[in-house]
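From first to last, the protein sequence lines stand for chains A and B.
Every letter in the first sequence is one number past the one before it in the numbering used here, and letter 338, counting from 1, is 338.
Every letter in the second sequence is one number past the one before it in the numbering used here, and letter 6, counting from 1, is 6.
Quick caveat, the hints were computed from the structure, so don't treat them as lab data.
Treat the hints with care, since some could be wrong.
As the list claims (entries may be wrong) - Cβ-Cβ distance ranges computed for the label pairs, FRET-style: (1) A:A64 with B:A103: 50 to 56 Å; (2) B:H186 with A:N258: 51 to 57 Å; (3) B:K80 with A:V165: 28 to 34 Å; (4) B:K80 with A:N105: 49 to 55 Å; (5) A:N105 with B:A161: 36 to 42 Å; (6) B:R200 with A:E304: 56 to 62 Å.
None of the values given here were measured: they were computed from a predicted structure.
C-beta atoms are modelled at their ideal positions from N, C-alpha and C, and glycine is treated no differently.
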Amino acid sequence: MLSRLFLRDYRCFATATLALHPRVNIFYGRNAQGKTSLLEAVCVLMRLQSPRTSTKSEWIRFEASTSLIEGTVNDVDLRYAQNATVRRLAVSGAVCTRSDEYLKNTALIVWLDHADMNLVRGGAEHRRRFLDFAAAQMFPEYRDALKAYERSLRSRNYLLKRDDVIPWKQVDAYAVLLQKHGSVLRRCREALLTALEPHVVAVQQHLSGNTEVAALSYARGYEGDDLAAVLHERRAEEERSRSTVAGPHRDDVTLEINARAASAFASEGQQRTLCLALKIAQARVLEEARGQAPLLLMDDIFGELDKARRQAVLTALPAESQIFITTTFLDWMEQTTLNGHCYEVSNGAVEQRL
Amino acid sequence: MSQVDYPATIKQLILLMKSLPGLGPRSAERLVLWLMGRGESRVGELIEALTSLEERVAICEECGFFQEKGHDCLLCHDPKRDRRLLCVVEEAADILKLERSGAYSGLYHVLGGKLSPLDNITPADLRIEEMIHRVTELHTEEVILALGADVEGEATANYLADMLRVTETAITRLAQGMPAGGGLDHVDEMTLYQALSGRRKL
């Protein structure tokens, strides 16, 4: 649970201090006031990455040189400072040089926003990113394996493109590494999808009023168990395409509703529900695997759901989760039943209203 | 208005200092100013040390370690060393680490780096031809690849193993796993994972 959040020179916030509620925290205000930035700050503090950008210097406030995010998570003080080139991490006031040591002290998170539609409609990279984000929080070995895999893949693809005559011996040296790290990725993704499936089915059923049956399956990026051997066999193909033709970077997840491909045959509403189901399932799986309920960061997704669905979503979420919601209007919210805090965000200032 | 700055000679020296690894513009400036002020007496010593570096120190053509010019390499010509073993390392400094461990008494071979296509380091930049030549000449029985466990180190090890296959010598690499004298709680998950997959029968 995140009990305190402090920001300095982060995005549009000069300074902001928030004492957070253990259950529900709602940020409301007009567009472009900094609501999503607050959720982003929580995500950065917990995962050292932002769902909005990969350029870290982007979140330093205009005219400032260093941005600072602090938070108290399960009574541990975390601190993240970023200037144009360097980031500094601290846990309980002590500098932490290794990100995996830092991440051991953070809370689990699930991020929900409009872009989730890409899970169903977008390309396979969106589904792989979903798997990566969840698996990195579930399996301690995943993050290192992913980094090593991506670096090996970049090197290998570069070698395949660089010369007229491909230096196969060097290329093969990297295929061994792809096999080694790729097998970790596959094992974790398999386990993750197996854990997700029953929850996705249950949540889809729950949200659709028992009319929709969802299914998901792992579309593997290479056949068999030996990626190095597969790549060796498909050498002619690689010679033509000049890139690595098989591996977990070609993984995908097949999504179906009522036994038909969700991307092509499901309605807009069904697709939206499936995306929600995937994220809610992610939250439940993380809770099961790690024994603590994740924080749910929901960026502007409640406004467009009807009352019945909203209620269904809220009951499907893990009961112990701390929830952060951004919204532009509060009409949908029955304020009498709110068990939490409500903050108004206006032009880089946050004020608690309820 | 003209800007006041250091004379060209000083600027040049600062630039030179800055090009050394680990020194930024501020530290380079501070060093140069110190040399001109309180450290003046040390300038002579420094000049002498730098000149003798070039005059007296050479790199052994066989193993790639440092040696005194005109003398035999202390490693390659030591009769007590086991000439059937060859340990391949990335940098000369790695030899000292292995020597201090006292666990190894064979010969060494310095590669001079590791393969990294993204940094444009190719096999031609490393002493790989020399290594294969030595293995054939010395009839080495075992080549130990003591390279880093990062992506580039592992890729280099895989590449070398492939290149050495023709010599039919045994090829090994350093184990990864538990640090000496530590409990399980001091080991990170990745290391523990590797230690577990590389476990040994008692």
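Report task. Mind checking the hinted window 50 to 56 Å against the Cβ distance between A:A64 and B:A103? Result -> holds, 52 Å
Requested in this report: Take a look at whether the Cβ-Cβ distance between A:N105 and B:A161 falls inside 36 to 42 Å.
Outcome: holds, 40 Å
Query raised in the report: Does the Cβ-Cβ separation between B:K80 and A:V165 fall within 28 to 34 Å?
Result: Since the Cβ atoms of B:K80 and A:V165 sit about 46 Å apart, the hinted range of 28 to 34 Å is violated.
Report task. Could you see if the CB distance from B:K80 to A:N105 stays within 49 to 55 Å? Result -> Distance hint for B:K80, A:N105 holds at roughly 51 Å.
Requested in this report: Kindly confirm whether 51 to 57 Å is satisfied by the beta carbon distance between B:H186 and A:N258.
Outcome: Holds, since B:H186 and A:N258 (Cβ atoms, about 52 Å apart) stay within the stated range.
Query raised in the report: Honestly, do B:R200 and A:E304 meet the 56 to 62 Å range at C-beta?
Result: holds, 59 Å
In summary, the one numbered hint that this structure violates is 3.
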